[in-house]
Amino acid sequence: MKNPLCCLVVCFCLGTIYVYLFKIPFWPYYIVGAVLIAIGAFMLNQRLGFDILFLAVIFISGALSLKNAYTISKADISRYAYNRNDTVYALKGFINSRPVIKDGGVSFIFRAEEVQFGNNSYKTCGDVFVYAKGQNNLSYGDILLLLGSLYKPYRLYKGKAFVAMRIKNNSALVALNKNKGSLFKKLAFYFKDKMELIFRQRLSPLAASINNAMILGEKKRIPAAVYDYMIKTGTVHIMVVSGFHVGVIAFVAGILLKILRIPRRIRYFGIVFCLIMYCFISGASTPAVRATVMSIFLIAGYFFQREPDIVNSLSLAALFIMVINPKDLFSISFQLSFISVFSITYLFPRLKLLFRLEKIRIKFLSGVLDSFLISLAAWVGTSGFIAYYFKIFSPVAVLANIFIVPIASLVILSGLSMLIVSVLLPPLGGAFAAFNEVSVFMLLTLNFFFSNLPFAYYFF
Amino acid sequence: MLNFTYEERKAALAVIIIYFLGLGVNFISKQVAPKASPLCFNENLGKINLNAADKKLLMSISGIGEKLSRRIIDFREASGGFSCVEDLMSVKGMSQTKFIKIKDYLFVQ
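As you go down the protein sequences, you meet chains A and W in turn.
For reference, each letter of the first sequence is one residue, going 344 to 803 in my numbering.
For reference, each letter of the second sequence is one residue, going 114 to 222 in my numbering.
Chain W extracted, bound-state conformation (with noise of 0.2 Å):
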């Protein structure tokens, strides 16, 4: 049928064994759920100072407008600071839900 020589079966036969294997190998290996380990990039990666970032950083985060942003700086001068980003409430114009939604590309230093 196929018209192999006895030697191009030996050779097909071994192919076939080592495609099986490495399916099988491929498929247990996506059953391993990865195990939790302790945080190791920086806790602030990426996230924005909000006591040193101008104005056009802050406003590169989603949800913070050209007049939001103002005001923030504006509290920041008048308060001499935040001492944590939850401060971001006393803010005039920020809602509880836009603060959940930018709270996580902030941080205090």
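Isolated chain A, as found in the complex (with noise of 0.2 Å):
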């Protein structure tokens, strides 16, 4: 087989539906799991039998994934909080995400290490979402001791906390140290910081948001008009940190580090450095990681001179993501990524020899029906799920994305080139920035044109 990770990931998806679909208890399936792996070191000189025994380990490797996903831990901070309590804790713990100024207060994610209340202190762990009013000096590491009451939000609406703790109190908030977490992040988020410092003093705040959005992966800021006509037209996907960005930060890592005369190898652990630090500026989300880990493992392809499979990648990815958070599976940005990209990558190639496009010899027409090509093909593969999920189908995004992913390519180039020059030649950033503006005008306009066409898209 060309692509035997494929093969992997798709029955460790088949063990995570299982697991989804059915309950399971963990230790018989792990006995059994655990029975095969040691027939399977007796068959290693049986192709065809250690491989069916493999993916069968696989398979369960997947649905006890899941399992244990599932099982909250006996230390688990959420074991103290109900919807109606009005105990006040005591917790102990850093500061795990960049914290965010809005309203007069801060809202966090805060990794509980130690709970206290009544006349007992207890180890703890797990996440709590914050939200303290007054303070705004706080940053991702501190080490911080809280007093409130505890709640389970009626909507999971922050991420990965289940628990959430408000803090009304200024004194309710009292700032240890600041050496907890890790090195790399705080480097990520003091990037993150001054980046979008530079978009606001460069940029209209309209032009900033969407730069925001675009580039840093903070969707919070933009419109909820700009965001209803991207939705209609079936080009909200450029808001997303994708495969485009990690190429651009890859080619333009690639450049500076071969313009400082580091050697061809050096430069590729420069690049995949930079690629994670992206990854992390851009918040990781599911398809920023699949874009850098399908990176890494084409540069690493290069690296031991072997020939990239992007289909090989893509399964690399998708595992990669699974083996961290298998619930990842069942989340709507996870489909889409990956639906997207494979449906590319399988249809793109098909459709190109359908309708004979290397007989065409005009470079430019050629390029058009490329890019009409795989903006059918992208369609093709997501519409259903669009239609499943957010009760929409737009006919008009194969239109749409041919002119639109052009433009918003020229907005993350414009809006990167900025931020490069804004620090090495600061005079010669106005000029990156008005072409920003323009290329962010060009885009909404076009946006709102297309959302306007008749029978652009239908509601259900």
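Take the hints with a grain of salt, since some may be wrong.
What the hints assert, rightly or not - Result set (DSS-like, lysine-lysine): computed pairs, CA atoms no more than 27 Å apart in a straight line: (1) 143/W with 466/A; (2) 123/W with 366/A; (3) 148/W with 345/A; (4) 143/W with 476/A; (5) 143/W with 523/A; (6) 523/A with 148/W; (7) 180/W with 476/A.
What the hints assert, rightly or not - Covered stretches of chain A (in silico footprint by chain W; criterion: 3 or more residues with CB under 8 Å from a CB of chain W, positions within the stretch not fixed): (8) 572-586; (9) 692-705; (10) 776-790.
These aren't lab readings, by the way, just hints derived from the structure by calculation.
Idealized CB from N, CA, C, for every residue including glycine.
Relying on the hints, combine the two individually framed chains into one complex.
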């Protein structure tokens, strides 16, 4: 088989779906898996027998991974929180996200390590979403003592934290130290703050919000109307950090390292470092992680002088994400991200053959038709999922993407160039900012135009 | 089927064994209940001293408004200070429900 990783991912996913549909006990399946591994060790010489056993073990691994992910630790902080709870808890831990300042307060994800209530203190684990009023000098890695009541929000609107704590009293938050958290993440958040500042200083609020979303993965400040147009035209994917961004970062990092005359093999490590840093800067969302893992896999292919394979690298990215959090398989962003790349990889070459594009001699026309077919392939792959989740069907998406994706590329390129130039040659930053403003204006105008075309979209 | 070489099969088996062991250890660690230990933070951590707090600080507690904070300060000045948190019940406008809600945020020193 040319793509063995693809086969492994399918088996892992089937195991995960099996647990999603049926409840299973952990230990009997674990024992079966262990026995199959033991038998597999004796069948290393038998190719077919080993392969069948190995795929069965991968299936069980997928099942057990999801089962384990669903099991909440007995020390988890969520065990202390109830929907209506007036008990006051003292929590010790550290800030595990980039604090967001909003409405005169700050919100962040707090990694709890110790909880105290009544007359006892307990070791704990898990994340708590904290909103503290009147605080604005907190940063990632700060060790804090918090006092307040824990509750479970009705809507799990804040990512992975199931428990929330509201600090209304200034003295109920005591900062102890600043030494927790990873240095890498601290560096990533530092860069993100600086980039946001450059966008704020150089661009208009609307252009800054679009750039923040497209380059830094911060979608909170995009006006609702703009988002609405993008959903209607099926181009909301341009707001997600994905393969194109990662490609641009890899290209720019490669060029800069080449100018510095760094040897080729060491350059690969530099590019990988930049990609991982960018992944953290952009919030490590599923599409960003997918694109980063795929790129690292392709770079590793060049490093070891092996032929890169897009399906294998896509499969590895899926396996990587699901091993870390198997629940991601059921998230919309995971499904859309992988299905779009897979359908482009699988359908585009076939559509190209079908329409006999290789016979077209005019390069420009061939390029335009290529873009059309890529857009069509992605639309065919994702439209079913979009219709199911968002209850919208947008035939205009195929046409809109041909025009909007290149302009979105201009926004990203000019935005990234503006960031680099603003640091290296600040006086030149204004030119890139002006170009970026024009690109954003064109992007929004086209979105407005396509969303107003007759039969552009149907809600059902 | 998977077209692995003998060496690749050995490597794949090693990886899956490590993953399986990790999964088992992680699952067991989730079953261990935390043991209670004596209090290790300061009992008054984050609480407001009723005998020292100004109007603004008192108002930072949810449930105490401008009027009530003024009455608390008036009461403190008139009585020469609070001797315990329960003295708050003597302040005009302090209901039993409100007292239960705010008492954990306060201490007397």
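Consistency of the hints with the structure:
1. Under the criterion of a C-alpha separation no larger than 27 Å, the hint pairing residue 143/W with residue 466/A is consistent with the structure, at around 13 Å.
2. Note on residue 123/W and residue 366/A: the hinted pairing is violated, with a Cα-Cα distance of about 32 Å set against a maximum of 27 Å.
3. At most 27 Å may separate the alpha-carbon atoms for a hinted pair to count; residue 148/W and residue 345/A exceed this at roughly 52 Å.
4. Of the pairs offered as hints, the one joining residue 143/W and residue 476/A is violated, with about 34 Å between alpha carbons and a cut-off of 27 Å exceeded.
5. Straight-line distance between C-alpha atoms of residue 143/W and residue 523/A comes to about 23 Å, which keeps the hinted pair within the 27 Å bound.
6. A threshold of 27 Å between alpha carbons decides the hint, and for residue 523/A with residue 148/W the separation of about 24 Å falls inside it, so the pair holds.
7. Restraint check for residue 180/W and residue 476/A: the C-alpha separation of about 21 Å stays at or below 27 Å, so the hint holds.
8. Coverage of the segment 572-586 of chain A by chain W is violated. Counting CB-CB distances below 8 Å, 0 residues qualify, and the rule asks for three or more.
9. Proximity of the segment 692-705 of chain A to chain W, defined as three or more residues with a beta carbon under 8 Å from a beta carbon of that chain, is not established by the 0 residues found.
10. Only residues whose C-beta sits within less than 8 Å of a C-beta in chain W count toward coverage, and the segment 776-790 of chain A has 0 of them, not enough to reach three; the restraint is violated.
In this structure, the earlier hints numbered 2, 3, 4, 8, 9, 10 are contradicted, and the remaining ones agree with it.
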